[in-house]
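Enquirer: Chains A and B, in that order, are what the protein sequence lines are.
The opening position of the first sequence corresponds to residue 0 in numbering that gives the first Met the number 0, with each subsequent residue numbered one higher.
The opening position of the second sequence corresponds to residue 0 in numbering that gives the first Met the number 0, with each subsequent residue numbered one higher.
Each hint should be verified, as a subset may be incorrect.
The list treats identical chains as one, so a pair stands whether inside a single copy or across any two.
[As the list claims (entries may be wrong)] Computed cross-link-like contacts, DSS-like style, restricted to lysine-lysine with a CA-CA straight-line distance of at most 27 Å:
1) K250 with K178
2) K12 with K24
3) K56 with K178
4) K211 with K178
5) K2 with K414
6) K48 with K375
7) K12 with K178
8) K277 with K12
I should point out that these hints are in silico values taken from the structure, not numbers from a laboratory.
Bear in mind the structure is a predicted one, so any value in this text is a computation, not a measurement.
Number of protein chains: 2
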Amino acid sequence: MKKVFIKDLLGLKGRKVVIHGWIHKVRVLGKLAFIVLRDSSGLVQIVVKGRQDLLQKARRLNMEDVVEVSGLVVESESKISPVEVLADELTVLNRATEVLPLDVTGAVGAELGTRLRYRVVDLKRPENLAVFKIQAELIDAFRRYLRSRGFIEIYTPKIVAMSTEGGAELFEVQYFERKAYLAQSPQIYKQLAVIAGFERVFEVGPVFRAEKHSTTRHLNEYVSLDLEMGFISDEHDLMDLEEGLVRFMFKSVEENCRREIKLLNVTIPDFDKIPRLKFPEAKEILSEYFNLREYEHAEDLDQRGEELICQYVQEMHEIPLAFVDLFPLSSRPFYTMPYDETYGRSFDLLFRGLEVSTGGQRIHNYDLLIRRMREKGLNPENFKYYLEAFRYGAPPHGGFALGAERLTMKLVGLKNIREASLFPRDRFRVEP
Amino acid sequence: MKKVFIKDLLGLKGRKVVIHGWIHKVRVLGKLAFIVLRDSSGLVQIVVKGRQDLLQKARRLNMEDVVEVSGLVVESESKISPVEVLADELTVLNRATEVLPLDVTGAVGAELGTRLRYRVVDLKRPENLAVFKIQAELIDAFRRYLRSRGFIEIYTPKIVAMSTEGGAELFEVQYFERKAYLAQSPQIYKQLAVIAGFERVFEVGPVFRAEKHSTTRHLNEYVSLDLEMGFISDEHDLMDLEEGLVRFMFKSVEENCRREIKLLNVTIPDFDKIPRLKFPEAKEILSEYFNLREYEHAEDLDQRGEELICQYVQEMHEIPLAFVDLFPLSSRPFYTMPYDETYGRSFDLLFRGLEVSTGGQRIHNYDLLIRRMREKGLNPENFKYYLEAFRYGAPPHGGFALGAERLTMKLVGLKNIREASLFPRDRFRVEP
Chain A
0 MKKVFIKDLL GLKGRKVVIH GWIHKVRVLG KLAFIVLRDS SGLVQIVVKG
50 RQDLLQKARR LNMEDVVEVS GLVVESESKI SPVEVLADEL TVLNRATEVL
100 PLDVTGAVGA ELGTRLRYRV VDLKRPENLA VFKIQAELID AFRRYLRSRG
150 FIEIYTPKIV AMSTEGGAEL FEVQYFERKA YLAQSPQIYK QLAVIAGFER
200 VFEVGPVFRA EKHSTTRHLN EYVSLDLEMG FISDEHDLMD LEEGLVRFMF
250 KSVEENCRRE IKLLNVTIPD FDKIPRLKFP EAKEILSEYF NLREYEHAED
300 LDQRGEELIC QYVQEMHEIP LAFVDLFPLS SRPFYTMPYD ETYGRSFDLL
350 FRGLEVSTGG QRIHNYDLLI RRMREKGLNP ENFKYYLEAF RYGAPPHGGF
400 ALGAERLTMK LVGLKNIREA SLFPRDRFRV EP
Chain B
0 MKKVFIKDLL GLKGRKVVIH GWIHKVRVLG KLAFIVLRDS SGLVQIVVKG
50 RQDLLQKARR LNMEDVVEVS GLVVESESKI SPVEVLADEL TVLNRATEVL
100 PLDVTGAVGA ELGTRLRYRV VDLKRPENLA VFKIQAELID AFRRYLRSRG
150 FIEIYTPKIV AMSTEGGAEL FEVQYFERKA YLAQSPQIYK QLAVIAGFER
200 VFEVGPVFRA EKHSTTRHLN EYVSLDLEMG FISDEHDLMD LEEGLVRFMF
250 KSVEENCRRE IKLLNVTIPD FDKIPRLKFP EAKEILSEYF NLREYEHAED
300 LDQRGEELIC QYVQEMHEIP LAFVDLFPLS SRPFYTMPYD ETYGRSFDLL
350 FRGLEVSTGG QRIHNYDLLI RRMREKGLNP ENFKYYLEAF RYGAPPHGGF
400 ALGAERLTMK LVGLKNIREA SLFPRDRFRV EP
């Protein structure tokens with residue numbers, strides 16, 4: 000059970016080891032064979048010298064065969080790794096019996112469509128594994144930061160009878176005799192947990208959006224990093240929290256993913272405060288600074304708007320992140336706490352031109368909630384279980400959600416959000 | 000933003016504080032009022048002395064009103080808490096406007112049906128919050144243990160086109176123009192991740208079972224703690240891992256949930272090794288030791304069988320856990336690695352009479368996988384994306400899954416698994 004990973008070999012110079020992995024490359028030159036072996040921690044060169052039986056085996060190796068190698072760890076002059084293994088045994092545990100549909104070594108590129116069709120082979124590329132190690136670190140840091148601040152991790156149902164936004168973009172599920180839906184977000188349940196006295200909660204889980212458009216920044220199923228907290232003063236408490244949280248998440252990647260950062264050439268943003276703009280200011284920047292008059296009467300930000308606001312903040316503050324606060328109530332859900340007649344205490348976090356997070360203070364007053372629901376054309380009857388909770392002691396509260404794939408995509412510099420999802424689900428893709 | 004939790008008051012004796020919470024109890028006696036305030040960290044007594052304005056306010060308090068209290072922290076002689084707060088301000092942030100349908104203080108019990116109908120109010124009971132703090136700790140410990148052993152946390156799709164077991168017990172989803180299903184388990188995807196070179200992966204996420212029966216130990220949606228690892232020798236590597244993992248999870252609860260353990264009167268099992276029985280031995284114990292001849296030809300364990308095996312192991316070894324290994328292939332999925340013609344390298348972990356985990360070595364040979372699929376009456380065509388991965392270099396591998404709610408239920412000593420789910424989903428319940 001004591002597993003030796005390739006990355007650990009550096010500390011084992013002069014020792015005999017047994018390692019496992021996949022055949023990444025093979026070259027046999029007369030009485031010498033050079034094999035690059037890959038495991039989840041890295042690459043190492045295996046050298047076969049003289050031994051006829053092993054050279055015979057090496058000649059018959061296929062790319063991606065699964066092998067066990069035993070041998071001596073010695074210093075290496077190859078570019079592959081600072082140490083190499085002089086093999087004295089080589090056992091094939093399982094053959095790769097097909098010619099690979101994609102090149103795993105990165106020498107030959109492939110279209111994203113082909114890559115996703117053969118996703119398992121595509122994921123074998125070390126660059127892909129690095130993306131998901133960074134994603135795992137981001138999410139783990141999210142949890143560590145919140146746990147240390149008294150947040151409790153919760154798990155809420157994904158099969159729901161109520162919708163947060165009133166029915167649009169929901170996937171329908173046949174739940175025995177009745178119709179149900181897949182949760183678009185844990186919004187309702189994380190609020191209920193706060194009201195139930197959990198006070199501060201977070202959840203990492205899948206959310207489902209039946210959006211028909213197909214873009215490079217949308218998935219129909221994605222991982223949402225959600226939190227909700229009680230006893231806030233207003234939405235600035237949430238932006239304070241998110242600022243520190245995102246800084247911590249980036250810092251954790253910087254400290255714990257050095258190999259991956261180097262391999263993918265990732266630039267980790269360095270910042271203390273994230274600039275906060277009000278929506279009217281953002282509109283003004285777009286219509287005045289960028290001279291785009293069509294934004295004068297905008298009630299929301301579109302993709303170009305998000306990109307330009309980020310460009311502006313980058314130019315002014317050299318920070319690739321920006322909060323835009325006080326979005327119009329018209330473009331935000333019914334539970335948004337009003338700031339005045341027109342605007343709500345609801346914000347977006349933009350990162351390198353993309354909205355990666357949305358949050359805000361929620362309404363905690365029952366009567367106001369009913370009124371806003373009606374103004375949005377929703378029927379309070381459909382929200383019975385949600386609404387009644389507000390009669391049993393709801394504290395002032397709010398929260399936000401970060402999209403795990405969007406954050407990964409923008410941090411790593413991926414062109415398409417599908418690359419930040421292990422097995423992406425989009426308009427036309429539900430396999431593999 | 001610097002939040003003071005009630006549990007932190009002990010260290011703040013002699014200091015002025017501002018705290019928040021829910022009104023748990025109120026007693027007004029002439030010029031004195033005793034209020035028990037509750038937040039997510041505990042209970043504290045608030046004392047109002049002399050101040051007419053505050054006494055007036057105290058008289059008008061409802062159970063579960065949400066308040067802010069400022070005052071001096073002093074030693075207490077009450078049974079509530081070792082310190083109390085002498086209030087000099089009391090602000091109601093939001094009223095509880097309805098008479099509570101359930102008693103939050105625990106003085107009056109209620110039926111589970113009523114409790115789940117008013118789940119938000121039910122969750123306000125400190126005992127319930129304690130259950131979910133223990134659950135969160137169990138799951139966090141699961142992650143910590145695996146991360147430190149080179150496992151990568153993954154997030155796999157819950158909307159799937161393939162089923163693991165061939166179609167039974169699946170919820171159907173309308174995915175745009177086509178039919179899809181909710182994943183019964185991440186089985187296929189965690190195997191694919193291992194084959195794709197991730198080597199060791201784990202996932203914490205919802206799984207969905209359209210089982211029609213309604214019992215005290217089944218949910219139709221639950222949280223599965225899954226892992227899968229490459230380069231194992233056989234299923235004993237997995238049982239070794241699970242033994243250490245579960246021991247660590249229990250130990251973490253013991254160390255980090257002292258208040259909750261005390262409140263719920265939880266007994267944490269203390270063990271080094273978990274006894275391993277082979278299925279034929281288990282059958283023999285049932286038919287010989289317990290003299291139940293009907294088990295002589297059993298191909299699986301039923302609930303009574305699981306209870307009696309646990310009872311036997313408890314009597315023999317004083318350990319409330321047992322592995323049963325080598326289940327008949329007939330009762331296990333197609334991907335189970337055969338041990339011989341009859342038995343498979345597949346095991347259950349039983350805990351206090353309940354199966355809390357299932358795992359085993361998987362087949363990594365393509366031809367054997369196809370053969371077993373056909374023997375089970377499944378059509379390999381339906382598993383195209385899964386099967387093809389086995390032609391591109393699949394290592395020997397295996398894994399297991401622990402049910403978060405079952406583990407919580409048995410550790411805490413709950414009678415019904417619904418109590419271990421925040422908002423349970425069962426045959427007749429999809430709300431709240």
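Enquirer: What label fits K211 with K178 when the C-alpha limit is 27 Å: within, between, both, or neither?
Expert: Answer is both: 21 Å inside a copy and 16 Å across each meet the 27 Å cutoff.
Enquirer: Please sort K250 with K178 into within, between, both or neither, judging by C-alpha distance up to 27 Å.
Expert: neither (44 Å within a copy, 42 Å between copies)
Enquirer: How would you label the pair K56, K178 (within, between, both, or neither) given a Cα cut-off of 27 Å?
Expert: Classified as neither; 59 Å inside a copy, 47 Å across copies.
Enquirer: Treating 27 Å as the Cα threshold, decide for K12 and K24: within, between, both or neither.
Expert: Classified as within; 23 Å inside a copy, 67 Å across copies.
Enquirer: Give the relationship of K2 and K414 under a CA distance limit of 27 Å: within one copy only, between copies only, both, or neither.
Expert: neither (36 Å within a copy, 40 Å between copies)
Enquirer: Taking 27 Å as the upper bound on the Cα-Cα distance, should K48 and K375 be classified as within, between, both, or neither?
Expert: neither (75 Å within a copy, 47 Å between copies)
Enquirer: Checking an output row: K277 and K12, CA cutoff 27 Å. Within, between, both or neither?
Expert: neither (58 Å within a copy, 42 Å between copies)
Enquirer: One pair to classify: K12 and K178, alpha carbons no more than 27 Å apart. Within, between, both, or neither?
Expert: neither (62 Å within a copy, 55 Å between copies)
In the structure shown, a violation is registered for the earlier hints numbered 1, 3, 5, 6, 7, 8, in ascending order.
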